[in-house]
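Number of protein chains: 4
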Amino acid sequence: MLSRQTREDIPGVKVETIDDDDIVITRVHITTPEAEQIMGKRQGRYVTIEAPGLRYKNTPLQEDVMQHLAEEFAELTGLAQNATILIVGLGNWNVTPDALGPKVVDKVVVTRHLQSMISPELKGGVRSVCAISPGVLGITGMETSDIIAGITARIKPDLVVAIDALAAASTQRVVTTIQLSNTGINPGSGVGNKRFGLNQESLGVPVVAIGIPTVVHASTIAMDTIDTLHQHAAFARYFKSMENLTDSDRQTIIRQVLPDTLGDLMVTPKEVDRLIDDMSIVVAGGINQALHPNIDYENIHMYIH
Amino acid sequence: MLSRQTREDIPGVKVETIDDDDIVITRVHITTPEAEQIMGKRQGRYVTIEAPGLRYKNTPLQEDVMQHLAEEFAELTGLAQNATILIVGLGNWNVTPDALGPKVVDKVVVTRHLQSMISPELKGGVRSVCAISPGVLGITGMETSDIIAGITARIKPDLVVAIDALAAASTQRVVTTIQLSNTGINPGSGVGNKRFGLNQESLGVPVVAIGIPTVVHASTIAMDTIDTLHQHAAFARYFKSMENLTDSDRQTIIRQVLPDTLGDLMVTPKEVDRLIDDMSIVVAGGINQALHPNIDYENIHMYIH
Amino acid sequence: MLSRQTREDIPGVKVETIDDDDIVITRVHITTPEAEQIMGKRQGRYVTIEAPGLRYKNTPLQEDVMQHLAEEFAELTGLAQNATILIVGLGNWNVTPDALGPKVVDKVVVTRHLQSMISPELKGGVRSVCAISPGVLGITGMETSDIIAGITARIKPDLVVAIDALAAASTQRVVTTIQLSNTGINPGSGVGNKRFGLNQESLGVPVVAIGIPTVVHASTIAMDTIDTLHQHAAFARYFKSMENLTDSDRQTIIRQVLPDTLGDLMVTPKEVDRLIDDMSIVVAGGINQALHPNIDYENIHMYIH
Amino acid sequence: MLSRQTREDIPGVKVETIDDDDIVITRVHITTPEAEQIMGKRQGRYVTIEAPGLRYKNTPLQEDVMQHLAEEFAELTGLAQNATILIVGLGNWNVTPDALGPKVVDKVVVTRHLQSMISPELKGGVRSVCAISPGVLGITGMETSDIIAGITARIKPDLVVAIDALAAASTQRVVTTIQLSNTGINPGSGVGNKRFGLNQESLGVPVVAIGIPTVVHASTIAMDTIDTLHQHAAFARYFKSMENLTDSDRQTIIRQVLPDTLGDLMVTPKEVDRLIDDMSIVVAGGINQALHPNIDYENIHMYIH
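Chains as they are written, first to last, in my numbering: chain R, 513 to 817; chain P, 513 to 817; chain E, 513 to 817; chain X, 513 to 817.
A couple of the hints might just be wrong.
Claimed, not checked - Cβ pair distances, simulated, as ranges:
{"no.": "1", "chain 1": "P", "residue 1": "Gln-743", "chain 2": "R", "residue 2": "Tyr-568", "range": "36 to 44 Å"}
{"no.": "2", "chain 1": "R", "residue 1": "Ile-530", "chain 2": "E", "residue 2": "Ser-631", "range": "30 to 38 Å"}
{"no.": "3", "chain 1": "R", "residue 1": "Arg-786", "chain 2": "E", "residue 2": "Pro-805", "range": "20 to 28 Å"}
{"no.": "4", "chain 1": "R", "residue 1": "Arg-786", "chain 2": "E", "residue 2": "Gln-593", "range": "24 to 32 Å"}
{"no.": "5", "chain 1": "E", "residue 1": "Pro-805", "chain 2": "P", "residue 2": "Thr-544", "range": "52 to 60 Å"}
{"no.": "6", "chain 1": "R", "residue 1": "Ile-793", "chain 2": "E", "residue 2": "Asp-533", "range": "30 to 38 Å"}
Just so you know, the hints here were simulated from the structure itself, not pulled from any lab data.
Yeah, the Cβ is synthetic: ideal placement off N, Cα and C, and Gly gets one too.
Modelling step: build the complete structure from the supplied sequences, incorporating the hints.
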């Protein structure tokens, strides 16, 4: 059963929720500088599409999510028919959970080089799309933002779409959630802890970010365990009080469980290779549908590399 | 500085330790049925090679470990010059941390089909080796033990060597430890929780197992967190007493932190793709050296597919 | 327009042709020892499905071919509902045009290990299928026929299906033709010039072979050039007579054009990587449909690894 | 035995040949506009390193070629210690014989992002290197020259090195020859028949091109066959005269042998996957050695992604 709800509990933060049991869509619109400060997030639109069932192979659900993504993406970008779009697949293709962006770029229908060959009647529904996976700093020796800024200055797209794998704040979100925003990518997010920003300021064109949590840090599991002990009354008989468990004590516990020498431990579902493949189909499919609404998918091969 | 120690604290369990700071080798020999029962492990020899430095790219250490593995493996198998050896790479090549066995098989020098072409003077140091990665039950629809038993009955090797990725009991062991045993593989171990056994009983020939921990289950992190809280006096002020924290309470906490719906969550180092590649070179190199001591490695390409 | 024709020009060789412009199916039935000798092929059924359009990305044609393959395969095998089938993907996964067999095995729906879990009403249309890609002699050190014979003796399937990439006799056939036969694989065919046989004699169970030409030898191009010069009246003015161009002269010319030192040169379409992927989908799809007629493909993920 | 020869048969074209039996190096220097016109090649330096033995797995020869490549490359570029170099891997990573450039980029030691971390004593021998594989037009929708021009304008390297797989004029050259030039890449070369130029004019910085023939077109085989018939007296008895075999007749023959509908047929050695891997190690190794002469290769892992 579909439920729909709009609220504005915090002034300047409009929250709309659409829930049809399998898929929950949350649209957050931060509209004032005050709300920006309260939320710790830039003014702009944020959309989250959640579907826990994506964890299991389920083609009809994947197609539903793809359709919703196409709609939310079209709404967020509001693109003109003759816009040129540059799709950027962020992340490291050699690290499975970080390879989502490059895998989406592999499946996106690229048409910018075919514009002169597309018949006028088709053209209305086939936008000019180009795409690249620039690699990460350790592979190229160049900041991703420099590579994309250089290409953007040359190609002059009307919109950049940046796709990235994220570290989730909770295990439940891993490979079940798609996050969109029209504020671009801001420093510090991403599986590989990217330092750069990709946004209107750095590129000079609007940037829509699509992010999918694909891992959680192992420390999140440890932290969640402490919190669970702490919060559940059932375990109260073991504790004097954890009210005053200090942050420094939390760090001590985590350092004990996960020594620094282990480097960065990631938690992923066992079938992460397949899940990343599936999710890249959902995301690329949603983008293709939004950008090329008139393509007859029986003939899409004509446009695909 | 090298230290060497031999002990027999438990009757029937001889333990020898060789420690040269970078690498610790532990040889355990279970010699009596009573010791078998106490240890919960079959009578036989167990060797562990530990080198925490393998976590970091370090070619000289890799070569040292490779050399030690070659020696321990040769010692454990005591193979005749004219023996035929079947190397089996267990695990699923589509799941990165489970792909270690197949990757080792890719790098093992296979010679069984070249025996008639090898000159007599070389032959003394080039054993007859064949190799296969059978895949996992979900890929083949056949129990791995059935596939290997069928091939063994036909090829009649003198020894089967089974290589497998394991789930570690502790994060510290992940991709830093090589475990050898002349008791083969017994049901229930492995990243994919293999159900089958590969041992002298099931195959009719001796089986040496080489296992490398490549993941820990996420629940191990949660369990370690609870134990850390429990054991460290520094946190005592928070607890009444965790002496009597029941197993059922532990399960409740873990189910809270890691709901069943998430499926099997694995913890791996972020660079697991590269670590598995590196480890497969170490293991294949050690096996190649032990089985083909006379090969001039400048000319090894003659034997490699 | 569909045309259908049956002839028996050679006694004991029934030839039936079904031509619908896009796809030509030829069924040859060799029924007598005399015909076997004349044709240089074992008694049995041979089916060829030709669709030159497969060279171009064309999803509806691929689905048509898949459907025809399913029907011809079902007809050729005449399998009981409760039969167990072992699918064997021959060839070397490291050599793109030889990787067709392994790629088909990746996409075949494997069910043998799920038989106890399949509901009775579904079971009628879900046969017990297992599958393996054994690798090639240079990779395993074992003859493929030994590996498959060992597994067959253990698993006892009712039918073995062997899928292989072939060297074509003509460039026109490359990746446009599927060949089926109920006589199995006989020595000497295949991209890698396999020496072994996989047939009822060697395995003790019926063997259906599915072969797809994926390359031609470079020498075929040279030979075709000579023949073209030879046969076309347009070039007659250049020649005294090529009637008596000897085989030895032909060999001399080809050795000149393609020195032995070059090794084995293959001719493939530039997009061979994509064509092999596409063809593996067609073949796996046809097999899946023939073996599991009742599977609802929306739910097929339940059976797929 | 080493032989060395210098000639200037054509005025303005200095040719130097160094032949040590296994490896032949030819250095051509076109120094005048007249010579440019006669040769049909821009003024500049052209170096060819030929080693037919590269066709066979042969590690010592590979290392020799790598060493020669390092020397010729250093000589051709004459780089300052503090130069920044951008390595560009041209070609399509999805088409095996066209994937050489991207594979070289994977193995090049990238250091530009580490400059601040490199100790001063090491710095003299570790140049600032960055690298990218931009993909091909059909994958990105952008001309490669636009992508590289955009990045170059932003990063401002002192030199661009472009690595590309080429179509050979003769089967003998396939994967046995390395071609260097300081004139960059000019339109129309490459396996995928690239249309763009990458040179000082288009990028504003010097460009060194490194090209390796990895395929021949199938039509080259047909053409070679005709020429062999034509030129060898041994076959004269078959022909009236081929003196006046017209170009149009040649085209007719080739169209007969290789119909247009077949698309672009390539001829490659059967082991092309392995040969491309081997060659990418030779080229990347040569570049690494030339650019980072002081790196201790035991510790090179510190710099490698």
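Hints versus structure:
1. P:Gln-743 with R:Tyr-568: 36 to 44 Å: Taking Cβ atoms as reference, Gln-743 (chain P) and Tyr-568 (chain R) lie about 38 Å apart, which means the hint holds.
2. R:Ile-530 with E:Ser-631: 30 to 38 Å: holds (35 Å)
3. R:Arg-786 with E:Pro-805: 20 to 28 Å: holds (26 Å)
4. R:Arg-786 with E:Gln-593: 24 to 32 Å: With a Cβ separation near 31 Å, Arg-786 (chain R) and Gln-593 (chain E) satisfy 24 to 32 Å, so the hint holds.
5. E:Pro-805 with P:Thr-544: 52 to 60 Å: holds (59 Å)
6. R:Ile-793 with E:Asp-533: 30 to 38 Å: holds (34 Å)
Hint compliance for this structure: every hint is met.
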